Each structure stands twice: as structure tokens, then as C-alpha cells.
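The listed protein sequences derive, respectively, from chains Z and E. So in our numbering the end of the first sequence lands on 237, straight run, no missing numbers. So in our numbering the end of the second sequence lands on 186, straight run, no missing numbers.
Do not rely on the hints blindly, as some may be mistaken.
[Stated by the list, open to error] With a cut-off of at most 20 Å between alpha-carbon atoms, the simulated SDA-like pairs for lysine to any residue come out as follows: (1) LYS27(E) x SER64(Z); (2) LYS234(Z) x PRO71(E); (3) LYS171(E) x ASP7(Z); (4) LYS27(E) x PRO58(Z).
[Said to hold, decoys possible] With the C-beta cut set under 10 Å, the calculated list includes, among others, these residues of chain E facing chain Z: (5) ARG43; (6) ARG73; (7) LEU138.
Hints listed in this document are in silico derivations from the structure and should not be mistaken for laboratory results. On a predicted model such as this, the values are computed, not experimentally measured, just so you know. Yeah, the Cβ is synthetic: ideal placement off N, Cα and C, and Gly gets one too.
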Amino acid sequence: MKLEPNDIPAVADEYVLGLLEEAERAYVEAEIERNVALRRAVDEARERFLPLDTGLAPVDVSPSLWDAVSSRLPDRPKPSLPVAANPVSAANNNQGSGWRAAAISAMAASVVLAIGLTWSMTRSLDPLVIAVLMNEAGEVQAVVEDYGNDTANVRLLTDFAVPAHKTMQVWTLPSAEMGPMSLGVLDQARSAKLQGWSLPTPEDAQLYEITLEDEGGSPIQRPTGPILAKGFAKLAR
Amino acid sequence: MASVTDQSTDLEAALADCANGDRDGLKRIFDQEAGRLVAVAQRILRRRELAEEVVQESFIRIWTHSHQYSPGRGSARGWIYSIVRNRALNLLRDGRREDLVGDDQVEALQDSDQLNEIMAAWHTLDRNSRLHECLNGLEEIRRRGILMAYVGGYTHGEIAGRLRLPLGTAKSWIRRGLSSLRECMA
């Protein structure tokens, strides 16, 4: 399925109304992350029809409903206390200690990752942008450091179960016009340094994602498989 | 109008609190919107317990995905409602609607109730609102099709059946109705 610019408003409306077939809906949900015009059209369609929902009289909900919600909430890391989750750092809250903890905030400072000694390799260059990639549940899965000189480090922070004859592939979206570009594949689902493409200098809020592709990578130079993790870059400061 | 704006600013702030790990933010959204969200889900799913199940799941998703909301992406309220709507529609599409109705008579009865409720959604819109005015300007059958989809969660096929139209005709009428609506509200 290829989305022509002229079709975007109609597709966005039908998406919001729930009229798309399952495959079309899945396509829109994936495309929405990289297609700014589509995202805007969906946001607008949502607002247009929202009064049909907000005009509805509220019903009395079961008294137990909030308890059912709150008992199932996973903890979220608190950005104001980035190192509290780490017992060693918490016990030794001294800036000058041997700990080299770097807090990276991703997506509007929502998720903060404390990175300790495991990632203290020396580098001659600093990355231009860093993207923290999360899965659908909002759990941190990987970090991409893009150096802007056609080199990026991809750090996996969880074990990915990659089926036989499949490969993890890293992508970025330099611009809507350019579309998603491959940074390379991760052999054996391990952290890696990827090199050798030629792309514009990475920018703040640029999208990075990892998808599951057929062995050796997507044959069509576009992501085709499910998204394992994604996130927006922040300029390294 | 001021209260609407305040409400939506409240929701934005509450989502930001959620993203910071503050459960009180989620509770505020719940207190303000849960009753209406259950009503929205129930209008699609017909059954209260399914509607509450959907709202429960949705609040967990609101919590885990709150960092993805940004004010640049439409209203906080629209974002919250879309989560509930999508979950309710998914549940419906997974074939649960069949579980809800036993025989044809019950189905017909529920259907007419639901169709009344769907049209009521339009009638209760603020008369001076743009949406009301623009829906009012549509041909009756196109308006019905659009409302059946958005309010009741009906598919193209279900709409075609209830409006007694061939599927292709129903699809193109709805499409044209949506196009007129966009122009009218632009």
C-alpha cells in the first residue's frame, strides 16, 4: 500500500472512524510515526469528531475500577531522581564518586536512563544525537548514538529473541521526503557500531527505530517488518 | 468556553505528571473523564463490563504512553479518547460483537436501540458548533453512515446492510460525506 498525498485526508478520516481494514489500519499506525502530513491529518480528524464523544453524559463507574487500574500500574522511572533506581548510586549520592552516571532524557524528558560503568568506553568524538528506543509498552530497549559522520553506535539494553532467518535492522527518518533510511543490520542481535551510509546530519527529534526483517535486511530499502523499538533523538549537550 | 480550555489544560498537565511517574496525574484524569469514557466504550460495545474492561486497559496504556503525548499533537482530551476508542474498536473487531447477541430478534432490538443512541449523539451536539452545522448540511443517509461508524463502531459492511445499500455505494457515500464535512469544517 502506497499513500498518495491526496489520499491522506480521506485515509485519516476513515482511520479515525474505524473504517479501515485491519491491514490498512496497521499500515497507518506504522506510517503515522514517519509521515508528518498523515499524523497531522489524523490529529485534525480526531479533533473534528471529538465533540460526539465529549457531549455524552458520564455514567457511574464501578467503585472498584480505579483500584483495578492502580493495582496494575507499572512503576515509571522518575526523571527528577534518575539515579535512585540504582541502589549503588542511591547509597553513594556523591557527584565525585567513581560512578560515571549519565542521565539521558528521551521524549520530553519522560524516560531517564542511568548508564554506569558498563558504558564508559573512551571515544574521540561525541555523538551529535542520542535516541533512546522503547517498545510499545514504553520499556527502554536500546540506545542509538549517531555521530553524524555516517557512524552510529547501537546499544541493545535487553535480550531480543530473533527468530531463525530474521535480522534486526536499524533505521532513521532524516525527513518525510527522504523516507526511512537504513543504518544497517545487527548481526546476531548484538550491540554494534554501524558505518558506511551517507545521510544528512542527524537532527533533534529525528526518529530512529529497529525492525525485524528477513535475514540480511529488508530487500526493498524500506522497513517491512514489525517495529521492535523506536524513539526520537535528542541533541547531545 | 473558558471551562473547556481549563479542562484541557488540566489534562495536559495531568499527562505530564503521568510521564513523570506521578500517579496522582492519572487519578485526576480518571476522576474527570472515566465516567464519560466508559459511556463512549459502552456505546460501541453495548455491555458495561466490556466497556469498563476497555477503560481499565486504556488507563494503563495512558500511564505507560503518556510520554508520547505532546501538545503539538492535538488536544490531550482527543489523545485520551482515541486510546479508549481504539481499544473498544479492536475488541469489537476481534469478533466479540457476536458474543453479545444470541438470536436475530435480540440483535434487531439492540440494533434499533443503538441506532437511536447514535442519532442522539448528533442531536445532543451543541447546536452552534461547527460539527453540528456541517453534519446538518449533509444528506441524511451520508450523515447516518458517518455517525454509525464513529459513534457505534460499525464497519462499512454493517453500515451497508443497515442502510440497505450495496457495499461499494455505502463506501463511496461515506467517503463523499467525509469529504464534504472536511471542506465545511476547514
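Hint by hint, here is what the structure shows:
no.: 1; hint: LYS27(E) x SER64(Z); in the structure: 13 Å, holds
no.: 2; hint: LYS234(Z) x PRO71(E); in the structure: 18 Å, holds
no.: 3; hint: LYS171(E) x ASP7(Z); in the structure: 15 Å, holds
no.: 4; hint: LYS27(E) x PRO58(Z); in the structure: 16 Å, holds
no.: 5; hint: ARG43; in the structure: 7 Å, holds
no.: 6; hint: ARG73; in the structure: 5 Å, holds
no.: 7; hint: LEU138; in the structure: 13 Å, violated
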